[in-house]
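Asks: Sequence:
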Amino acid sequence: MESLPTTAKPERRARSKPLYTSKPSIFMAFFSCLAWLYVAGRLWQDAENRKLLASLLQKNASQRPLILSVEDKLQVLGCKDLERRIVEVEMDLTLAKSQGYLKNQLRQSGSSSEPSRKLLAVIGVHTGFGSQLRRNAFRGSWMPKGDALKKLEERGVVIRFVIGRSANRGDTLDRNIDKENQSTKDFLILEGHEEADDELPKKAKFFFITAVQNWDAEFYVKVDDNIDLDLEGLIELLEHRRGQDGTYIGCMKSGDVIAEEGKDWYEPEWWKFGDKKSYFQHASGSLIILSKNLAQYIYINSASLKTYAHDDVSMGSWMIGLQATHIDENRLCCGSVRQDKVCSMV
Numbered sequence: 008m009e010s011l012p013t014t015a016k017p018e019r020r021a022r023s024k025p026l027y028t029s030k031p032s033i034f035m036a037f038f039s040c041l042a043w044l045y046v047a048g049r050l051w052q053d054a055e056n057r058k059l060l061a062s063l064l065q066k067n068a069s070q071r072p073l074i075l076s077v078e079d080k081l082q083v084l085g086c087k088d089l090e091r092r093i094v095e096v097e098m099d100l101t102l103a104k105s106q107g108y109l110k111n112q113l114r115q116s117g118s119s120s121e122p123s124r125k126l127l128a129v130i131g132v133h134t135g136f137g138s139q140l141r142r143n144a145f146r147g148s149w150m151p152k153g154d155a156l157k158k159l160e161e162r163g164v165v166i167r168f169v170i171g172r173s174a175n176r177g178d179t180l181d182r183n184i185d186k187e188n189q190s191t192k193d194f195l196i197l198e199g200h201e202e203a204d205d206e207l208p209k210k211a212k213f214f215f216i217t218a219v220q221n222w223d224a225e226f227y228v229k230v231d232d233n234i235d236l237d238l239e240g241l242i243e244l245l246e247h248r249r250g251q252d253g254t255y256i257g258c259m260k261s262g263d264v265i266a267e268e269g270k271d272w273y274e275p276e277w278w279k280f281g282d283k284k285s286y287f288q289h290a291s292g293s294l295i296i297l298s299k300n301l302a303q304y305i306y307i308n309s310a311s312l313k314t315y316a317h318d319d320v321s322m323g324s325w326m327i328g329l330q331a332t333h334i335d336e337n338r339l340c341c342g343s344v345r346q347d348k349v350c351s352m353v
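To get this note's numbering, take the position in the sequence shown, counting from 1, and add 7.
Just so you know, the hints here were simulated from the structure itself, not pulled from any lab data. In this text, a Cβ means the ideal position worked out from N, Cα and C, and glycines have one as well. One thing to keep in mind: the hints can contain errors.
In silico BS3-like pairs for lysine-lysine, Cα to Cα no more than 30 Å straight-line [said to hold, decoys possible]: (1) K284 - K260; (2) K270 - K284; (3) K158 - K348; (4) K158 - K186; (5) K348 - K209; (6) K125 - K209; (7) K313 - K270; (8) K152 - K186; (9) K152 - K125.
Ranges of calculated distance between the beta carbons of each label pair, as one might list FRET restraints [said to hold, decoys possible]: (10) K192 - V353: 30 to 40 Å; (11) R182 - K284: 38 to 48 Å; (12) D347 - A155: 17 to 27 Å.
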């Protein structure tokens with residue numbers, strides 16, 4: 008019996024897949040090699056630098072001290088001579104301040120090369136914008152005007168009304184003062200000071216600064232415009248005091264420090280005057296006289312001088328720390344009943 012033919016399926020041979028590597032993998036491997044080479048190079052370079060630096064430090068350590076003194080540094084920089092000169096100048100300045108506050112006479116602004124004649128006194132009558140009627144009354148009584156004012160200056164006494172500038176520079180107030188001064192020529196205008204009732208202590212400071220800059224005098228006198236002066240009596244008093252350095256002259260007083268805000272003569276910094284709240288002795292603000300070297304002290308140290316609420320207290324605080332002679336002159340007590348006083352309340 009014949010077998011039926013069968014159809015046999017041929018066996019399939021397993022085909023092996025070809026091996027291949029992707030391009031991104033090749034690039035990653037390449038860059039990894041580069042990074043490894045870079046890091047290895049840097050580490051090797053840093054090691055060489057550290058080795059070189061260590062050798063240099065070891066070499067220099069045997070030649071130089073580990074810590075340079077100030078003297079060594081100055082010697083290296085060539086500053087020893089400069090340091091010595093600075094010390095000498097500082098010593099000279101300290102000595103000058105302790106013996107009159109300036110070693111040589113201050114150069115006066117606007118002065119010529121020839122020495123000018125020293126005046127007896129510069130009298131500054133502190134006034135305000137609304138006091139023209141009072142100024143006119145003074146010019147017609149104790150204060151000379153015109154040619155008489157010039158003749159008084161020939162005797163060695165300069166008198167000026169002292170005033171600052173308006174808060175609104177160049178306004179009607181300033182123009183009126185300039186116009187009045189053009190006519191009378193008897194003002195000392197403090198260009199750097201703003202005229203205000205609560206700025207009177209600073210005004211006193213500016214007066215002495217400006218007066219010292221403009222005139223060389225034995226004395227500098229601050230006068231309020233609420234008093235009348237016996238001018239000849241004041242000149243006689245000053246003549247008697249000629250040559251007395253370090254003199255702080257006035258009607259000396261003390262009194263309570265007012266700590267209640269809103270009251271007359273309130274002092275915002277009342278707590279600085281001690282537990283008893285009493286002022287130190289100081290000249291009344293109506294009339295204060297300073298000798299030349301004390302006025303120069305204010306001029307030199309103006310930036311560091313503290314001002315309080317009242318001008319007379321402020322000036323007294325400046326004088327209390329100096330070797331100044333406080334002279335209590337009863338003839339300068341304008342409210343007293345003495346017959347020989349040189350001032351009286353208006």
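Asks: Take a quick look at whether K348 and K209 sit within 30 Å of each other, Cα to Cα.
Replies: Roughly 28 Å between the alpha carbons, so the hint for K348 and K209 holds.
Asks: Run the distance test for K313 versus K270: straight-line Cα separation, threshold 30 Å.
Replies: holds (23 Å)
Asks: Given the hinted pair K125 and K209, is their Cα-Cα distance within 30 Å?
Replies: Roughly 27 Å separates the two Cα atoms, so the pair holds.
Asks: Given the hint that K158 pairs with K186, test it: the Cα-Cα distance must not exceed 30 Å.
Replies: Holds. K158 to K186 sits at ~23 Å (cutoff 30 Å).
Asks: Run the distance test for K152 versus K125: straight-line Cα separation, threshold 30 Å.
Replies: holds (22 Å)
Asks: Hint check: K158 vs K348, CA-CA at most 30 Å. Holds or violated?
Replies: OK: K158 and K348 at ~25 Å, within 30 Å.
Asks: Confirm or reject the claim that D347 and A155 have a C-beta distance inside 17 to 27 Å.
Replies: holds (24 Å)
Asks: For the pair supplied as a hint, K284 and K260, is the alpha-carbon distance within the 30 Å limit?
Replies: OK: K284 and K260 at ~14 Å, within 30 Å.
Asks: Take the C-alpha atoms of K270 and K284, compute the straight-line distance between them, and say whether it is at most 30 Å.
Replies: Holds, at roughly 15 Å.
Asks: Could you grab the alpha-carbon distance between K152 and K186 and see if it respects the 30 Å cut-off?
Replies: The hint holds at about 16 Å.
Asks: Within 30 to 40 Å: is that where the Cβ-Cβ distance between K192 and V353 falls?
Replies: With a Cβ separation near 24 Å, K192 and V353 fall outside 30 to 40 Å, so the hint is violated.
Asks: Can the suggested window of 38 to 48 Å be confirmed for the beta-carbon pair R182 and K284?
Replies: At 44 Å between Cβs, range holds.
Of the hints listed earlier, the one the structure fails to meet is number 10.
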